[in-house]
Amino acid sequence: MSEEQVKNLEKQFEERIARDEKIEPKDWMPEKYRKTHIRQMSQHAHSEIVGMLPEGNWITRAPSLRRKVALLAKVQDEAGHGLYLYSACETLGVSREELYEQLHSGKAKYSSIFNYPTITWADMGAIGWLVDGAAIINQVPLCNTSYGPYARAMVRVCKEESFHQRQGYEIMMKLANGTPEQKEMAQDALNRWWWPSLMMLGPTDAESIHTEQSMKWKLKRKSNDDLRQQFIDQTVPQADLIGLTIPDPDLKWNEERGSYDFGEIDWDEFWQVVKGHGPMNKERMKARVDAWEEGQWVRDAAMAYAEKKQERKEKQAI
Amino acid sequence: MSTKNWPLWEVFVRSKNGLEHRHCGSLHAADEEMALENARDVYTRRSEGVSIWVVESKHITASNPEHNGELFEPAQDKVYRHPTFYDLPDEVKHM
Numbered sequence: 000m001s002e003e004q005v006k007n008l009e010k011q012f013e014e015r016i017a018r019d020e021k022i023e024p025k026d027w028m029p030e031k032y033r034k035t036h037i038r039q040m041s042q043h044a045h046s047e048i049v050g051m052l053p054e055g056n057w058i059t060r061a062p063s064l065r066r067k068v069a070l071l072a073k074v075q076d077e078a079g080h081g082l083y084l085y086s087a088c089e090t091l092g093v094s095r096e097e098l099y100e101q102l103h104s105g106k107a108k109y110s111s112i113f114n115y116p117t118i119t120w121a122d123m124g125a126i127g128w129l130v131d132g133a134a135i136i137n138q139v140p141l142c143n144t145s146y147g148p149y150a151r152a153m154v155r156v157c158k159e160e161s162f163h164q165r166q167g168y169e170i171m172m173k174l175a176n177g178t179p180e181q182k183e184m185a186q187d188a189l190n191r192w193w194w195p196s197l198m199m200l201g202p203t204d205a206e207s208i209h210t211e212q213s214m215k216w217k218l219k220r221k222s223n224d225d226l227r228q229q230f231i232d233q234t235v236p237q238a239d240l241i242g243l244t245i246p247d248p249d250l251k252w253n254e255e256r257g258s259y260d261f262g263e264i265d266w267d268e269f270w271q272v273v274k275g276h277g278p279m280n281k282e283r284m285k286a287r288v289d290a291w292e293e294g295q296w297v298r299d300a301a302m303a304y305a306e307k308k309q310e311r312k313e314k315q316a317i
Numbered sequence: 000m001s002t003k004n005w006p007l008w009e010v011f012v013r014s015k016n017g018l019e020h021r022h023c024g025s026l027h028a029a030d031e032e033m034a035l036e037n038a039r040d041v042y043t044r045r046s047e048g049v050s051i052w053v054v055e056s057k058h059i060t061a062s063n064p065e066h067n068g069e070l071f072e073p074a075q076d077k078v079y080r081h082p083t084f085y086d087l088p089d090e091v092k093h094m
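Sequences listed follow chains V and R, in order.
The numbering of the first sequence is numbering that gives the first Met the number 0, which starts it at 0 and goes up by one.
The numbering of the second sequence is numbering that gives the first Met the number 0, which starts it at 0 and goes up by one.
Looking at chain R on its own, in the form it has when it is part of the complex:
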């Protein structure tokens, strides 16, 4: 008989059609079916969702906050990616 503990799962819930699934927490379950059932009981007791995703936490790869500088700072000096970077006369309409 196995004495392994139930693995951890991350839960994502779509609150209504038209919106994205959003991470809302985690839980323990033996398999994906149980993870879905538990997610329904733990995270949608008051009609918070119309769709649930569960994924075992070990399958998520996360960026390291220590690398935030090299990952995200390069975007900060690329102002030319924003429409306001371009000077146009006020007379130009619909742009």
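The following block holds chain V by itself, in its conformation from the complex:
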């Protein structure tokens, strides 16, 4: 294809997206569109998969059967979300094995929030309330993104995510209304998860390298700073309601803006965690790689069994 033909195709492509038409797997697309989508969708899938680890840590120690079934269901949903997203990603011509390889080798990133430890039961509450809350804010606009398989996967994910946040808030509410020790545990979890949750919405607009192109392709509908403000404005009253304090001395309602002003985010910490130096980066990756490697014989056995069955069937047919 000549350069001019490609330019022409690109122009038509951008026009289709501007008209809100969806792009489907077999449609022509610019190589950059394909690559950007593989990167974002696989990062998203990896985050769901690694995201099971901090919570999996508490399944056997949930304080009641009610909490245990809810946490199990939530972690199972995250596995499901990872699978929807991996399969959507594979429609762009990348294999599941390549995607796993990128995660396990450290080439691909996942959400930095999962590199923090879950040290008390209240962390299950804080994660559901804050981390899933921030994830919902990030994800809802993606239900209208331009790539059809991604948009459809996101519709399913968003439908399921709301229970995650509600069960988390319920845990926090219960602890906040409990004994002084329980309330302190809830406050401590909020103190530790608040700032990482704000960072989860991504670097400030000034430093975000992908924003402009992503807006055009509807991979992004609002800027990171706008999403963060939205998260803060909706979460502060939720904390007030259960008598917990947001750990930010600069947090103040700004009448004029109709929003909360908030303190400086420690971006050095964010970049440290992104670069692999968070408290749990190594442990998370090790748990993930171990699970994959130790499952190899099961996958091989299942494949060998399937082939044996197939051969037997073919023999009988003769």
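Source of the hints: derived by calculation from the structure; they are not laboratory data.
The model shown is predicted, which means the values in this text are computed figures rather than measured ones.
Be a bit skeptical, because a hint or two may be false.
As the list claims (entries may be wrong) - Under the rule of at most 20 Å between Cα atoms (straight-line distance), these lysine to aspartate or glutamate pairs were calculated in the EDC-like manner:
(1) R:Lys57 <-> V:Asp267
(2) V:Lys312 <-> R:Glu47
(3) V:Lys312 <-> R:Glu69
(4) V:Lys308 <-> R:Glu55
(5) R:Lys57 <-> V:Glu30
Claimed, not checked - Partial list, derived from the structure: chain R residues whose beta carbon lies under 8 Å from chain V:
(6) Ser14
(7) Gly17
(8) Arg21
(9) Ser25
(10) Ala74
(11) Gln75
Stated by the list, open to error - If we take Cβ atoms under 8 Å as the criterion, some of the chain R residues that face chain V in the derived model are:
(12) Asn4
(13) Gly24
(14) Leu26
(15) His27
(16) Asp30
(17) Met33
(18) Leu35
(19) Val41
(20) Pro82
Glycine included, every Cβ here is placed at the ideal spot set by N, Cα and C.
Starting from the structure of chain V, add chain R where the hints point.
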């Protein structure tokens, strides 16, 4: 021992009797039995279905969007296939 990767399967779910099966995504499984079981866990955790079809992705033949013109455009000028093409007086009832 085989070191082959599990093949890809497409999943179709009927949400309730009376409706058609609809494509809802794909997954990897060693054989059709496992594909059905995995489809149940991945795509029907909240009573989304009463029936599941799985088919190995390699068995699906898809049309090429580059041929959309010759495939689908001929239908566009065949307005006579639609009832509104025919002019009838308003007095005609039940038609």
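List in ascending order the numbers of the hints, as given earlier, that are violated by the structure.
1, 2, 3, 5, 6, 7, 8, 10, 11, 18 and 20
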